[in-house]
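Spelled out from the first residue to the last, the chains are:
There are 2 protein chains.
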Amino acid sequence: MYLYLYRCMKSDIISGNLRAGEKLPSKRRLAENLSVSVITVENAYACLLAEGYLYSVEKSGYYVSAIETVPLLKKRFSDYTLPQNTPMAVDMRGGQTDTGSFPVSQWCRLTRKIMTERSEDFFRPCGMSGTRELRAAIADYLRRNKSIDVSPDCIVIGAGTEYLCYTVTRLLGRDKLYGMENPGYRKVSTVYESSGAACVYLPLDGKGLSMAAVRESTADVLHISPNHHFPTGRVTTAARRYELLAWAAEQEGRYIVEDDYDSEFRFDGHPLGSLFSDDKNGRVIYMNTFSKTISPSLRIGYLVLPPELMELYVKKSADFSCTVSTSEQLTLAEFISGGYYETYIGRMKKAYGIRRERFFQMIAESGLSEKLKIQEESAGLHFILALTTPLSDLQIKEKASENGIGLAFLSDCLVGNGDAFAHSLLVNYSNTEEAAFGAVLDFLYDIL
Amino acid sequence: MYLYLYRCMKSDIISGNLRAGEKLPSKRRLAENLSVSVITVENAYACLLAEGYLYSVEKSGYYVSAIETVPLLKKRFSDYTLPQNTPMAVDMRGGQTDTGSFPVSQWCRLTRKIMTERSEDFFRPCGMSGTRELRAAIADYLRRNKSIDVSPDCIVIGAGTEYLCYTVTRLLGRDKLYGMENPGYRKVSTVYESSGAACVYLPLDGKGLSMAAVRESTADVLHISPNHHFPTGRVTTAARRYELLAWAAEQEGRYIVEDDYDSEFRFDGHPLGSLFSDDKNGRVIYMNTFSKTISPSLRIGYLVLPPELMELYVKKSADFSCTVSTSEQLTLAEFISGGYYETYIGRMKKAYGIRRERFFQMIAESGLSEKLKIQEESAGLHFILALTTPLSDLQIKEKASENGIGLAFLSDCLVGNGDAFAHSLLVNYSNTEEAAFGAVLDFLYDIL
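Chains A and B are the protein sequences, given in the same order. When you number the first sequence by our numbering, it's gap-free, plus one each residue, and the end is 1477. When you number the second sequence by our numbering, it's gap-free, plus one each residue, and the end is 1477.
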């Protein structure tokens, strides 16, 4: 009731029906007139007073304030709907993972356990770097799997790759020049650029990022994926790794961000060593997420910082909080330290391997063996299919889109021109089912 | 076994014991020499080949690659520990909330429900703005409680205030001049500045942010808390609200970020109206989080954008993902739409109100009534205690720190000099227990 009265009076003041300086009736009088209780009028007057629509004069009463309102455009935001893109029937463009066999019940059980046994920690602030528990679990995981031997105090938790790249620019400075792989994962350079950092695009040669290009560019920081380059799948050779480390060590302020986004899924033998573990000068920042191994909907990633940078991070981040909620960090920590994470990766590696072989077989049986050539390193969750065709990548994508098929090409990962990279279709088999890939092959058969 | 062999050979290559160009024994031969299986040698050679420590020459065998290693500083990162601040016995500086009576079991039940009934949505990517479910629940909440009537498509979910401020600079541009309240919540301006945006510090007068200062500053964007200024508690008057809205509407590219961080906790009557709901020109961005109402450890906040800005956001954010995990968004959505959130706010409002009254009573009984004066508006989770003392704020803080007590003053929220704001102690009663406040009063008794 008092809110209704408050709204009516507010609207009368804004519209000018109640004029500036006008004296209002006393509370008792208005209550009698409206047949409401005095308390109702009192509450309404109190709201209007607090917001300054009224002012009171001692021993006299309540008066209407002078308020200059803005001419109204009368926009209504309540019916607003964003324009939507129509989804494709088959879409090979995203970075989704296959989560069909994720141990959901295991995860739920751990969440429940955390919530009941550690409910007081549930709302405990975890500091700018994340919970001790998750950092310790990740440190152990890295020691077991990546030959990275660091203390939990070298690890910073953050909400996914984009946030971590922003953290890197905050840490190393926006005045630095950031070298990006070209072709490369364009989302990463977009994030650096929208953080206000200048980017330079560097070509690759057979051994990895071209050292000549790095030196010519005057880049200060390199963001690279030496263990499985996206999208070509190339692995940076040992010689080039040491050349990169030597470049970084040569001059103050040079750093390398090692983006190890999917090296867990190597199909022959053990995951590769990391640039971080070969670096002894504190010039490499290791970055990884759980987007590829679990799902991009779990927004958790991490940086491993050399101690010197960690101290700089702490200094620069006093006013920042960790972007991942404590409860999810504790659940993931138990998921890793209980061994469920590595078991799940093993299972998915097998499943993705089977699907990859099945895709190769489907290509062999497609009647297109003359026109399709598989290019791949035995790592990662995608391969490249080289097409023999006079059509441009853009023409193929447009035709595919008309058929409800979303395709991504290596040329989409390129800044600037590069005919050498044309006709290379990206097949991400972590997010593509067998039937969907069949539809893609049927489409290719028709246009090739 | 093969990993051990791989590591030994890698270390021999790096150290130069195996020289560049040297031919290695055949797999069979080495296996015999080492008394291991040929497969072990094969796996080790394969790793060294993939990483480029070896190269193979057809019909000849395996050779050691030429690798220039970097001089080692031999830093060990595995024992590294960050220097820690010693925690205070009593700390009134943080922004923690009292979560002792949060309905943890209710929250767990909802999480469990989401995980079992909607396990397929659990890993569904939710798009750059967050899940439809949470945005819809927030839109309903805003309609019921803040007179904000927007569609879910006007809402963007993000991981806390810092991330949302970064999003604002990304949206409106880093080339804009951002006007900050002075005194004000310094974390906010730190975040803007570390996003690369220039900030200007604007004084307040009795009605809110000084319009003269705003106009003189040539600021393009204002970040303000009109419903409860931090730390003075002032509520911006209606007249000043319309002056601010008129200022924003006057010129293209002017915007106001309304930071409504704790207006839920008003102690007389209904929460105040919002600047967003009074704006009809699409120049206000509403920002709020669940840090004060639930806990800062739950990293969820949101922006309400006018449609024009929403479309700009979508255009600029194609390469960004929402920073909050889907499962937590779905749980919070159910928590709000099931009514638990508003029930909890009501309960906490009562509990905080009782504690506040108790603190007032403790001050009255402290024997310091001559030297302590309570200054407060009936809103928010803190009040200001004006001290009569010849000591400076810094001297008091140092003495307090020696006694294991962490204090925050209004002068800590100030950029530049401002003697008018001296001797104003901030009492945040959401994170201070009765006993702790008693210790603070004992300390004040001793020094005053």
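Honestly, I wouldn't trust all of these hints.
Pulled a few chain B residues facing chain A out of the computed Cβ check, cut under 7 Å [claimed, not checked]:
id : residue
1  : Asn-1114
2  : Thr-1115
3  : Cys-1183
4  : Gly-1262
5  : Pro-1325
6  : Tyr-1369
Label pairs and their calculated CB-CB ranges [unchecked claim]:
id : chain 1 : residue 1 : chain 2 : residue 2 : range
7  : A       : Ser-1044  : B       : Phe-1389  : 36 to 42 Å
8  : A       : Thr-1417  : B       : Lys-1142  : 29 to 35 Å
9  : B       : Val-1444  : A       : Glu-1279  : 48 to 54 Å
10 : A       : Arg-1048  : B       : Arg-1173  : 29 to 35 Å
11 : A       : Arg-1147  : B       : Gly-1433  : 37 to 43 Å
12 : B       : Arg-1057  : A       : Arg-1203  : 42 to 48 Å
13 : A       : Arg-1105  : B       : Gly-1156  : 48 to 54 Å
Some chain B residues close to chain A (C-beta under 8 Å, calculated; not the full set) [to be verified]:
id : residue
14 : Glu-1080
15 : Glu-1097
16 : Tyr-1109
17 : Phe-1151
18 : Cys-1155
19 : Tyr-1192
20 : Tyr-1195
21 : Ser-1354
22 : Ile-1365
23 : Ser-1366
24 : Gly-1367
25 : Glu-1371
26 : Ile-1374
Honestly, the hints are just simulated from the structure, not real lab data. A virtual CB, placed ideally from N, CA and C, is assigned to each residue, including glycine.
*Could you tell me which of the numbered hints above are not met by this structure, giving the numbers in increasing order?*
Violated hints: 1, 2, 4, 6, 8, 9, 11, 12, 13, 22, 23, 24, 25, 26; rest satisfied.
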